[in-house]
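S.K.: With chain A fixed as given, assemble chain B onto it according to the hints.
In order, the protein sequence lines correspond to chains A and B.
For the first sequence, the numbering used here puts the final residue at 645, and the numbers step up evenly by one.
For the second sequence, the numbering used here puts the final residue at 526, and the numbers step up evenly by one.
Check before you lean on any hint, since a few could be wrong.
[What the hints assert, rightly or not] Per the computed footprint, the stretches of chain B lying under chain A, defined by three or more beta-carbons under 8 Å from a beta-carbon of chain A, are:
#1 287–295
#2 432–445
[Claimed, not checked] Taking lysine to aspartate or glutamate and the EDC-like style, the derived pairs with C-alpha atoms no more than 20 Å apart in a straight line are:
#3 A:Lys591 to B:Asp300
#4 A:Lys163 to B:Glu363
#5 A:Lys114 to B:Glu444
#6 A:Lys114 to B:Asp448
#7 A:Lys373 to A:Glu361
#8 B:Lys437 to A:Glu449
#9 B:Lys369 to A:Asp113
#10 B:Lys299 to A:Asp594
Simulated from the structure, these hints should not be mistaken for lab results.
Glycine included, each C-beta is placed from N, C-alpha and C at the ideal position.
What follows is each chain in one-letter form.
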Amino acid sequence: MSEYLFWIPLLPLLGFLINGLLLGKLPRPVVSAVACVSVGLSFVLSLLLFFELRSLPPAAREIEQVLFTWIAAGSFHVDIAFLLDPLSAVMILVVTGVGFLIHVYSTGYMHHDKDFGRYFAYLNLFTFSMLTLVLANNFLLMFVGWEGVGLCSYLLIGFWFHKKSASDAGKKAFIVNRIGDFGFLLGMFIIFWQVGSLEFKTVMEQAPAMFVAGGGLITAACLLLFVGATGKSAQIPLYVWLPDAMEGPTPVSALIHAATMVTAGVYMIARSSVLYMMAPDALMVVAIIGAATAFFAATIGLAQNDIKRVLAYSTVSQLGYMFLACGVAAFGAGIFHLMTHAFFKALLFLAAGSVIHAMSEKQDMREMGGLKKYLPITYMTMLIATLAIAGIPGLSGFFSKDEILWKAFSSQHGHWLLWLVGFITAGLTAFYMFRLIYMTFHGKERMDEHTRSHIHESPRSMTVPLMALAVLSVIGGYIGMPHIFGVTNYFEEWLAPVVHGPGHQAASHALAAAGADTSMEWALMAASVILVIIAIFVARHFYNKKPEAATAMAEKMSGMKTLLANKYYVDEFYGATVVRPIVNGSLFLWKFVDVVIIDGTINGLAVISRDISEVLRYVQGGKVRNYATVFVAGVIVLVAYFIFG
Amino acid sequence: MDWLTPLIFAPLVGAIILAFVPSKQTETIKGVALIIAIITFILSLFVYAQFDKLGAGMQLTVNVPWITSLGIHYHLGIDGISLLLIVLTTVLTILAILSSWRSITEGVKGFFVSMLILTSGMIGVFCALDLFLFYIFWEVMLIPMYFLIGIWGGPRRVYAAIKFVLFTMFGSLLMLVAILYLYFQYHSFAGVYTFDMLKLMQMPIAINPQHWLFVAFALAFAIKVPLWPFHTWLPDAHVQAPTAGSVILAGVLLKMGTYGFIRIAMPMFPDATATFVPYIAILSVIAIIYGALVSMVQKDIKSLVAFSSVSHMGFVMLGLFALNQEAVQGAVIQMINHGISTGALFLLVGMIYERRHTRLIAEFGGLGKVMPVFSAFFMIVMLSSIGLPFTNGFVGEFLILLGAFKANVWYGVFAATGVILAACYMLWMYQRVVFGKVTNPENEKLTDINWRERIILIPLVVLIFFIGIYPTPLFERTEPAVRQVIAHIEQTRQAKQDLERIDERTLALREGAGLSQKVTEKGVTR
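Bound conformation, chain A alone (with noise of 0.2 Å):
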């Protein structure tokens, strides 16, 4: 079985290859039969691999298959190779399942538009390039998914290009996920030179030998490689291209906006763990980033309009929860968290854009209200998502983000300050969300009348994807309960020989210790839970009960709502601080440097020469002859200096 492999990548890049080279001659139904069938194939073949790598005891739960050499040059040496372990299982599962259900919701959801095929091309490319990434066996070619994801997130972005605004927000995410991959390679840099290879296998193993734990060379490649995670999974400093990106469709942004390409930071930084663990000051950063990015997404959240962006916000927000995980060493739950996201949040999108299809493609949730009974299951299912990443007790959300928090507090990276962060985003968490519900779906119905007249339940191959994915928003959570409800913690379990190898004894160990008392995390528990009940219910209260109130509210803070509405004109910061001065400085660059003093030096030199010339005119009598002599003359002066001089 092992040996079959390379084909969970390899399917979704045949589907690409053939509504590429075919784009336009294939008709609409082969074509969405390619794709989705690519997918699903991939994700059955998946789960048989899952199987098979569960079937083995866990310390020997990996299935490596070595294709051929990619790169040899020098001392460098890198394969095209593929290593199955129960991390990579975990996102092979995830980005097939989720995809496949997004593949196919994308048939309905795509139907009308003319560039059909060039979707789904796109979308298998998209698939192809996110397995290759997590299925790597080593950093170079991670990088190679790393930047193919950016490509189609780039390509998926910018679909409609005839918009300004969506080739503008498609060209920003290349780019600030550039600038992030430049960190990234800088960081192989350092790793390759002090371990000899870029193999996640061998660098693991050899890493403690070749680097000075905490000291400055492993910080810095895992600040470096951080640098690549900020980009990609949309932190500070570099979030500012993630909320852009919902200028492409919407099963985009479910897809590779919130249920896979964005997590692979969080998966990259799992996959070094050994790496992260060497550098307590990189961790430190990773949770403090990660702490921060949750805590300022979900401000802006509160004041967005358009479904999307609330979304995409929160999408930031959910991330930054994931980095905190890693950040305190608890990278089980980052990924655990990473899983029920991708459930949920791809659930969330998918019913937006099913909310967005009924209202005739209009996002604002200001012309929106009472859309419950004209979208009976869109509305069930979204509730249920909403509930789910609200972190109300029995959904999967619940679990990964209590986690998440008990961990930031009780880790012995952890910090008081650190959860209390996270606590209070959880509130905003609920709080902004329940607006949504709220704004969308219940109170009055704000839309225009042509609108109304066209709203309509979205059809099956649309609702049966986010039925699945209520189904998995709701049980997701089960594999990974906290000890405390005295069961077996299954998801950190099936991880633990990655992400809590040898080099993590000492860290599990204090853990546990911390993790004796039980009676601390019941209360934290507890206080979260609260937390979010009260902030759903003045959710309620502003956007349901008495919206005057919220517009009385919103012209007391106006300050405050621009600040939040202008997402605290971070944009313009960059624009001012690095854009503009670029672009000016390259003006003068090409104006002056290029054109007044390299041209006018040289040109200076021609004048001079021509000016000399003149007096020298008389010199020319035209006799090739006299030339000839002159030039031998002159070489052999040159020579004759050379060597006698």
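M.R.: The following block gives chain B in isolation, referenced to the frame of chain A:
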């Protein structure tokens, strides 16, 4: 059997045959030129097949006395580096000829004759192992390129052509003087006159003249690369040159500079190379960043691509002067990659120029709608140019940066910013040309690229992915050559250092002896 001579002279013979075809039979002229180019390409494939990838040293060598009285030999031979550049040359020549099919309407015969002579010159440079021969081929290339720009170029063609020739001639003359110096120096060293590169390489040269010789060669080559600040001829030449001229100029002629460094300047003057590493590395890093920044604000697509070449060739130079196996191999591959990607970019620009007779970015917009196939090709080539993984550009750039980082962390860090900037200028240009709505009515009726144009682009796209995914055949062939160059530099420097150490010791001994002697003398006098 001598494979290289027919390869070099096939295009020249073709040019002579073309001279006998009546000027009015333009279709025949094009056909003959194309056939000659294809024959040359097939010959280069034979050479590729004959080449032993494991063999070190020069292969397929020919060495016959030519002008015996001056010690000039007709000495040819190739290693992996020249092999790849030769194949690149023959491929690009076919594509350049195909791209001129419709765009050249006047002076057809002269144009294709020039193209073929140029091809002979280029292949000759890559095969020559005798400096005299090298110099002849080097100069031979200059003339047809001068004509290509000066006759079939754009409105400011004469200015651009003269600028191109003046810059290059300036470098060439310095090189000529240096060559003659070496020639005479070798005579006083070994008692015979020779221009043989391999022999000259074995001659020890004192450090001071080595510096001057290196500077002379380096200037000639740096102008050709072009290394900042000697680059200003390039944008003018590119903007004015016809498509075929730009393709060959960017694809092959610029490589002459970097090839000259690795074939002549570096192995012949190893100490000077070591001395000048920081200067050239810094100029390369400046070129990378400067070229990218200036690219960003260009209004003409061709000058944008020209400045991007300054940036990309900066990468190649940095790789060469990082002086480790990883970076130098990366640099050699990147020479090929730049030829493919930038060649393809100029071909693409030529295609829309033929349709619209403008290259100003602002004139376009929305081409994705009217020319989807063109846009797809353009996208792939652009991605290769910005070095996306699994395209050729990544493999070279990555190794260069990896090696440069080892040589000096800051070279690696600053050069890597070029990767970000490349995305900025390329994506911005692509957005303005391809995305958006069609606003200019003249763009509405544009037709997508035809089969001839697709046939031109397909081989390049195949190469882009092939080298990106499976570069091993290239690395295998360049590995021994690069290893040898680096080893030669190291060995010579090592030997020299040992010698110096011995010198110092003897000097010290002597001084010591002198001192004691003085002491005794003093003692005696006392």
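S.K.: Each of the hints needs a verdict: does it hold here or not?
M.R.: Hints, verified against the model:
Here the segment 287–295 of chain B counts 3 residues with a CB under 8 Å from a CB of chain A, which clears the bar of 3, and the coverage holds. Counting residues of the segment 432–445 of chain B whose C-beta sits closer than 8 Å to any C-beta of chain A gives 4, which meets the bar of three, so the coverage hint holds. Of the pairs offered as hints, the one joining A:Lys591 and B:Asp300 holds, with about 14 Å between alpha carbons and a cut-off of 20 Å not exceeded. Under the criterion of a C-alpha separation no larger than 20 Å, the hint pairing A:Lys163 with B:Glu363 is consistent with the structure, at around 18 Å.
Distance check on the hinted pair: A:Lys114 and B:Glu444 sit about 19 Å apart at the alpha-carbon level, within 20 Å; holds. At most 20 Å may separate the alpha-carbon atoms for a hinted pair to count; A:Lys114 and B:Asp448 meet this at roughly 19 Å. At most 20 Å may separate the alpha-carbon atoms for a hinted pair to count; A:Lys373 and A:Glu361 meet this at roughly 19 Å. For the suggested pair B:Lys437 and A:Glu449, the alpha carbons sit about 31 Å apart, so the restraint of at most 20 Å is broken.
Proximity of B:Lys369 to A:Asp113 is assessed by CA-CA distance (about 14 Å); at most 20 Å being required, the pair is judged to hold. A C-alpha spacing of about 15 Å is found between B:Lys299 and A:Asp594, which places the hinted pair at or below 20 Å, so the restraint holds.
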